[in-house]
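Student: Here the protein sequences come in this chain order: A and B. Residue 384 in this note's numbering sits at position 384 of the first sequence, and the numbers go up by one each step. To convert a position in the second sequence, counted from 1, into this note's numbering, add 409.
I should point out that these hints are in silico values taken from the structure, not numbers from a laboratory. One should not assume that every hint holds.
Unchecked claim - Below are the DSSO-like pairs computed for lysine-lysine, each with C-alpha atoms no more than 30 Å apart in a straight line:
no. : chain 1 : residue 1 : chain 2 : residue 2
1   : A       : 235       : B       : 728
2   : B       : 728       : A       : 24
3   : A       : 24        : B       : 815
4   : B       : 433       : A       : 319
5   : A       : 406       : B       : 644
6   : A       : 235       : A       : 24
7   : A       : 319       : B       : 644
8   : B       : 815       : A       : 319
9   : B       : 447       : B       : 433
To be verified - To be clear about the criterion: a stretch of chain A counts as covered by chain B if any three or more of its residues have a C-beta under 8 Å from a C-beta of chain B, and this derived list gives those stretches:
no. : region
10  : 25-31
11  : 189-199
12  : 266-277
13  : 310-319
Stated by the list, open to error - Residues on chain A that point at chain B, a partial pick, calculated with CB under 8 Å:
no. : residue
14  : 17
15  : 19
16  : 131
17  : 259
18  : 286
19  : 287
20  : 288
21  : 290
22  : 293
23  : 294
24  : 299
25  : 302
26  : 306
27  : 307
Remember, predicted model here, so these are calculated numbers, not experimental data. We put the beta carbon where it would ideally sit given N, CA and C, even for glycine.
There are 2 protein chains.
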Amino acid sequence: MISVALLGFGVIGSGTAEVLTQNKSLIAARLGDTIEIKYILDLRDFPDSPFANLVVHDIAPILADDEVSVVVEMMGGLHPAYDFSRAALEAGKHVVTSNKAVVAAFGEELLALAEERGLRYLFEASVGGGIPIIRPLCTDLAPCDITGIEGILNGTTNYILTRMAESGASFADALAEAQALGYAERDPSADVDGWDTARKICILSALATGKIPTLEQIYVEGITRVTTADIAHAKQAGYAIRLIGTAELVGDQPRVMVCPRWVHASSPLATINDVFNGILVRSDFLGDVMFYGRGAGSLPTASAVVADILDIAGGSPCKPPRWTAAADGELASHDSYVCRRYLCFSAAQGWRDAVCAALGEVEYLDTEGCEVALLTAPMREDEAKAAIDTLAAAGITLLSSMRLIKSTN
Amino acid sequence: MISVALLGFGVIGSGTAEVLTQNKSLIAARLGDTIEIKYILDLRDFPDSPFANLVVHDIAPILADDEVSVVVEMMGGLHPAYDFSRAALEAGKHVVTSNKAVVAAFGEELLALAEERGLRYLFEASVGGGIPIIRPLCTDLAPCDITGIEGILNGTTNYILTRMAESGASFADALAEAQALGYAERDPSADVDGWDTARKICILSALATGKIPTLEQIYVEGITRVTTADIAHAKQAGYAIRLIGTAELVGDQPRVMVCPRWVHASSPLATINDVFNGILVRSDFLGDVMFYGRGAGSLPTASAVVADILDIAGGSPCKPPRWTAAADGELASHDSYVCRRYLCFSAAQGWRDAVCAALGEVEYLDTEGCEVALLTAPMREDEAKAAIDTLAAAGITLLSSMRLIKSTN
Numbered sequence: 001m002i003s004v005a006l007l008g009f010g011v012i013g014s015g016t017a018e019v020l021t022q023n024k025s026l027i028a029a030r031l032g033d034t035i036e037i038k039y040i041l042d043l044r045d046f047p048d049s050p051f052a053n054l055v056v057h058d059i060a061p062i063l064a065d066d067e068v069s070v071v072v073e074m075m076g077g078l079h080p081a082y083d084f085s086r087a088a089l090e091a092g093k094h095v096v097t098s099n100k101a102v103v104a105a106f107g108e109e110l111l112a113l114a115e116e117r118g119l120r121y122l123f124e125a126s127v128g129g130g131i132p133i134i135r136p137l138c139t140d141l142a143p144c145d146i147t148g149i150e151g152i153l154n155g156t157t158n159y160i161l162t163r164m165a166e167s168g169a170s171f172a173d174a175l176a177e178a179q180a181l182g183y184a185e186r187d188p189s190a191d192v193d194g195w196d197t198a199r200k201i202c203i204l205s206a207l208a209t210g211k212i213p214t215l216e217q218i219y220v221e222g223i224t225r226v227t228t229a230d231i232a233h234a235k236q237a238g239y240a241i242r243l244i245g246t247a248e249l250v251g252d253q254p255r256v257m258v259c260p261r262w263v264h265a266s267s268p269l270a271t272i273n274d275v276f277n278g279i280l281v282r283s284d285f286l287g288d289v290m291f292y293g294r295g296a297g298s299l300p301t302a303s304a305v306v307a308d309i310l311d312i313a314g315g316s317p318c319k320p321p322r323w324t325a326a327a328d329g330e331l332a333s334h335d336s337y338v339c340r341r342y343l344c345f346s347a348a349q350g351w352r353d354a355v356c357a358a359l360g361e362v363e364y365l366d367t368e369g370c371e372v373a374l375l376t377a378p379m380r381e382d383e384a385k386a387a388i389d390t391l392a393a394a395g396i397t398l399l400s401s402m403r404l405i406k407s408t409n
Numbered sequence: 410m411i412s413v414a415l416l417g418f419g420v421i422g423s424g425t426a427e428v429l430t431q432n433k434s435l436i437a438a439r440l441g442d443t444i445e446i447k448y449i450l451d452l453r454d455f456p457d458s459p460f461a462n463l464v465v466h467d468i469a470p471i472l473a474d475d476e477v478s479v480v481v482e483m484m485g486g487l488h489p490a491y492d493f494s495r496a497a498l499e500a501g502k503h504v505v506t507s508n509k510a511v512v513a514a515f516g517e518e519l520l521a522l523a524e525e526r527g528l529r530y531l532f533e534a535s536v537g538g539g540i541p542i543i544r545p546l547c548t549d550l551a552p553c554d555i556t557g558i559e560g561i562l563n564g565t566t567n568y569i570l571t572r573m574a575e576s577g578a579s580f581a582d583a584l585a586e587a588q589a590l591g592y593a594e595r596d597p598s599a600d601v602d603g604w605d606t607a608r609k610i611c612i613l614s615a616l617a618t619g620k621i622p623t624l625e626q627i628y629v630e631g632i633t634r635v636t637t638a639d640i641a642h643a644k645q646a647g648y649a650i651r652l653i654g655t656a657e658l659v660g661d662q663p664r665v666m667v668c669p670r671w672v673h674a675s676s677p678l679a680t681i682n683d684v685f686n687g688i689l690v691r692s693d694f695l696g697d698v699m700f701y702g703r704g705a706g707s708l709p710t711a712s713a714v715v716a717d718i719l720d721i722a723g724g725s726p727c728k729p730p731r732w733t734a735a736a737d738g739e740l741a742s743h744d745s746y747v748c749r750r751y752l753c754f755s756a757a758q759g760w761r762d763a764v765c766a767a768l769g770e771v772e773y774l775d776t777e778g779c780e781v782a783l784l785t786a787p788m789r790e791d792e793a794k795a796a797i798d799t800l801a802a803a804g805i806t807l808l809s810s811m812r813l814i815k816s817t818n
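Using the sequences provided together with the hints, build the complete structure.
Tutor: In structure tokens, the structure reads:
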């Protein structure tokens, strides 16, 4: 029997208890052993829960109990989640977490501590909810040199962008709809400004490249400025707009970015709709592989947590690779990033000559109305910025600018 | 140092040698140990290969060499591939294989033998080429009850169907193109008649349900009868046609089928184009997850082989679940299978009344030309057969009949 302690009994904690309970016999048959929840740590009491008698308010008895071999941290936030995780490892317990903030900020330290003690620190649920991604990166892709990752990593923004395309709703209306359905928080900034995606792509970058950047070191742009006109232009040209986190190696330097991008209909990322997530991994031998599924939600995320518990209980020695913080000089420059771009601007007098001078050959999508929409040839970030400045100097006001993704099916 | 012997130096065997050689230092860093190819068994010599001096023509020295801990079978065919795999396990060596025929026919026996000897028998490369699917099914999905699998498992047929849709080519012309590109064999029947997909979905069924059917026990239909008219009707209605292997549990009885199906554009399976494969797994807690990538090819498949070698070398104890042969009575009946259907027939006089009587309410796609195309409501197989017989009796000749997939995004 494997005894576990759950830290936090919110959405994911209660889901984990449900998965372990509902599939108890199936799990026991597969594992050849049983998993018992011995403690649930939470500030609250849950008198009506079937797990009420397991609830404690203090970490001390959990750390002191030698029967507890796995501590599962699902509290959210940095503290005391980090402190409890560290204390659990120091007390000789394996740690499983769904907490991307702790993994991004303290993963380097906690993985080192776990290795030092012969323990495991696993975090499959911290990225992509229930989608298998961390374990496949560490096992199935172990023979390969990973050269790039493109991920739709946030269900809230994907729902909003899907709704905007389906119904023609504005960003504000689609956000309000997402909030009404419980897909978006009342303060949606962590999702719509791209920070949730940024934390997740930083963790994937760490696993793929060995270097983790901070949020301050990377380019992050959310979806709040995506307009109904942008969506219509994209749709007409055979593209979807999706918030994409990218991590790639430029030589041996990682480059990590988050921004809304045009995804061609032929890409497997283009049919990822609603709250679903998809993560495309590019490598030397495997080419493109993609992992798709529910990137959030109580039971899918809990399923990933339980898979980590089973991995530990089964005695697997497989460890996520270690990483270190990226110094500024270890990251590839943003200026040299190259991709095609969508630009939309007011059709001021003389725009055609100005575009020709600033951008060279382009693919026009719409030149009929009072807005001009086009796709540029591949260009560097600094070239794009200079071209936009040139257009502005010619009296042409930019309304939208978005990058295309690189991958194609 | 881990010494391995490669059995077979064809497309996958030579790819495996290339992956192990090219990424030698990366693999050594991740594993903390090195992998050495000690023998390559093949009937042929390869005097110009850098591995020429490793080639042997007899299995005996490999079996007798205690330094060899992993034997990698990539010979294809049932014999002597099975016999050598069995002999390797009996000699105390782990076995990795890419050979779906051996896994489907002898997996039950070889997994039992491996377990008995404390060894591992791994076969990630036998399904979906380089796509991680077997290991995720056995690890990430271990907490879940898998209720269904829908897979595009054959790159050749997917290429043909993609080309038919893109260029309007006939099946014969698209096949000829695939043959010219080396995607299809000169005798393409194993691919286009569905047998390759059938073997793979049988293995996935075994992993998900614990029961493996024989090819004779399941419904298998290839793509040779898919017409340009079918493709045009599907495209116009927002569907793609794909050869899909399905395995699902009906109560506790597996039902396994292979047939061309209509896949709605909103499904993640719909953007799987060209030689790519995609496998959608449905379960109680994770909902739908999908794995996408290159389902064949030397290096992608070799990458999956090497991932299995690394898994063994790393000392993971994780085992694929065992399965047993399905008795006829243990399989769900084909007659009770329910789905929507596409039907196309000649517009003989009185067809509208006959359709109304035989099929009830339908969604017409095309009633203008000399062919009528429609989608039925969900109906059982036996009901569909009876309805088609009724139409035939009314003088209406069926030109095409295809099932829709059940999954939606």
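Student: Starting from the hint list further up, note which numbers the structure goes against and sort them upward.
Tutor: 1, 6, 7, 8, 11, 14, 17
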